[in-house]
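Student: So the sequence lines, in the order shown, correspond to chains A and B. Quick note: the first sequence uses my numbering, first residue 1, plus one each step. Quick note: the second sequence uses my numbering, first residue 1001, plus one each step.
A few of these clues could be false.
[Unchecked claim] Below, computed lysine-lysine pairings styled on DSS-like, alpha-carbon distance capped at 25 Å:
#1 A:K11 - B:K1042
#2 A:K104 - B:K1042
#3 A:K11 - A:K104
#4 B:K1003 - B:K1056
#5 B:K1100 - A:K57
#6 A:K65 - B:K1100
#7 A:K18 - A:K104
[Stated by the list, open to error] Taking CB as the label site, the calculated pair distances span:
#8 B:S1040 - A:K11: 17 to 23 Å
#9 B:L1070 - A:T20: 36 to 42 Å
#10 B:L1070 - A:G98: 21 to 27 Å
#11 A:A52 - B:T1094: 21 to 27 Å
#12 A:N73 - B:S1007: 37 to 43 Å
#13 B:L1070 - A:S54: 31 to 37 Å
#14 B:H1112 - A:I77: 40 to 46 Å
#15 A:G97 - B:L1070: 20 to 26 Å
No lab work stands behind these hints, which were simulated from the structure alone. Glycine included, C-beta positions come from ideal geometry on N, C-alpha and C.
One letter stands for each residue in the lines below.
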Amino acid sequence: EAAVTQSPRSKVAVTGGKVTLSCHQTNNHDYMYWYRQDTGHGLRLIHYSYVADSTEKGDIPDGYKASRPSQENFSLILELASLSQTAVYFCASSYRGGEVFFGKGTRLTVV
Amino acid sequence: QQKVQQSPESLTVSEGAMASLNCTFSDGTSDNFRWYRQHSGKGLEVLVSIFSDGEKEEGRFTAHLNRASLHVSLHIREPQPSDSAVYLCAMSITGANTGKLTFGHGTILRVHP
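Model the full structure from these sequences, guided by the hints.
Tutor: Quick look at the structure:
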């Protein structure tokens, strides 16, 4: 089964600080995604990438940057963390047109 | 943008009784539908993927899709306490980028022994 590993699994950040969430996949998938999940809500797409060194905006990109330095790695960057960015963040990957595999999530608390 | 409504928000069933979850969507652009299960504090586990009208069974989980009615459902046969979780429906458009998913808000399922 596809392996998508997120780090850290949880983090507390201060308002205005920089936060980097990392994602690593070992299955040679083309596509990688970052979603956020708020309590009681489904997931919403922040950024995605279909090739290294290129990222695309999803449905809620404001306040987030993404970086795909290699096919295996995809990072989500919060340059100036805000309280409203407290959420659980999920990374996912897939082949072109294939099944989507999710990581276990990163719980981010901004204080 | 596609809007997705899940119902009920929560559901409690007894072990062994059928559990039925529903998802309606706002337009017919999506043609890839998935049901995920999320145990508390865990990641998402795909249960059933369905891409055409009709029925798709994966073990105890059966999805029904009716695109004309903008409706997809999940039926869980003989649910067990270990099936207690949040169930999320998600949809996308056929193509390379199938991970560009639109999710519902989820149904909390509780299965009592």
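Student: Against the structure shown, which of the earlier numbered hints fail to hold, in ascending order?
Tutor: Of the numbered hints given earlier, the structure breaks none, since each of them holds.
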